[in-house]
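Take these sequences, add in the hints, and give me the full structure.
My numbering puts the first residue of the sequence shown at 247, with every later residue one more than the last.
No incorrect hints appear here.
Ranges between beta-carbon positions, derived for each pair:
id: 1; residue 1: 567; residue 2: 366; range: 13 to 23 angstroms
id: 2; residue 1: 275; residue 2: 372; range: 53 to 63 angstroms
id: 3; residue 1: 470; residue 2: 442; range: 13 to 23 angstroms
id: 4; residue 1: 469; residue 2: 538; range: 19 to 29 angstroms
id: 5; residue 1: 357; residue 2: 467; range: 46 to 56 angstroms
id: 6; residue 1: 496; residue 2: 372; range: 18 to 28 angstroms
id: 7; residue 1: 541; residue 2: 361; range: 18 to 28 angstroms
id: 8; residue 1: 375; residue 2: 269; range: 49 to 59 angstroms
These aren't lab readings, by the way, just hints derived from the structure by calculation.
Think of the CB as a built atom: it goes at the ideal place given N, C-alpha and C, for glycine as much as any other residue.
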Amino acid sequence: MRQGARLEAGRGLPLFWRVCLVNGAVLTVGTAVLAASPATVSTPVLAREALVLAVGLTVILVANGLLLRALLGPLDRLRRLMEDVDLLRPGQRLPEQGSGPAAELITSFNAMLERLEAERAASSGQALAAQEAERRRVAQELHDEVGQSLTAVLLGLRRVADRAPADLQQEVLLVQETARASLDEVRQVVRRLRPGVLDDLGLVSALTSLVTEHARLTGADVCRRLSPDLPPLGPDAELVVYRVAQEALTNVARHAAAGRVCVDLTPTFAGDAVQLRVVDDGRGPGDSHEGAGIRGMRERAMLVAATLTVGPHQEGGTELRLLVPVPRTEERR
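This is the structure in structure tokens:
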């Protein structure tokens, strides 16, 4: 409502007519000054008269340029912002100063960004909620159907191995180990799809399990500092923190070639936010563009008004920071 009121109140002459009025005013003032001055023009023009005319023309052009710069300068800033704006980095705005068409255009563009960011956050929230629901369904089916079927196969193979001849027992045991490995893989996929420990034991336990699993699978040296005294974030924010940490460790395993990874989860000094920090000693981000994984993390961060930064670490490698604000008491209810 306030944005619309400012736009309605600021509507005036079109930009074309404002430029014409500025040029007309400068030329009128310049003509009046020359007419009131004692300067005269002879035929042919004398050198002294030509100098006076040149000075007068220079003053008129400089005054005209300064006025047009003040009028049209904000348009250049708006163009640069339009070229660089990214809805996954919310909060990019231009200051709404002055009046006139340029100020009106900046106000309209800022209002459009607010609307697009809100719509993007809403649509991303719906898509990610549907994704989590589908993950939960697939995880449940894998656990209930595939997992139970493989468990039954293992029990059957155990009975067969007990009754099989000595020359076949080794082959049956080999098949039994293959089935057991497949069951472990199914359970691992289920944990990735829907971390039950997050629902049952909380965020710190879920991240501990995630970091331990990463160390087991990659062989990397992993350090962690997970504060047990975290302010309450709510289930949505906790899921965002977990998924961002999961994606960050996946990127480290795939791209970083790191030998050491550190994961920190601590409250800020003021206690109004929680910070997740993932640092590796790998090859670093370099000049590569952000991939789908990082953009997916930015979309998740938008859902809880969190701030995500990814860049090179001062000692080499890559550093990821996720700053999640603690919801107010009335928001948690």
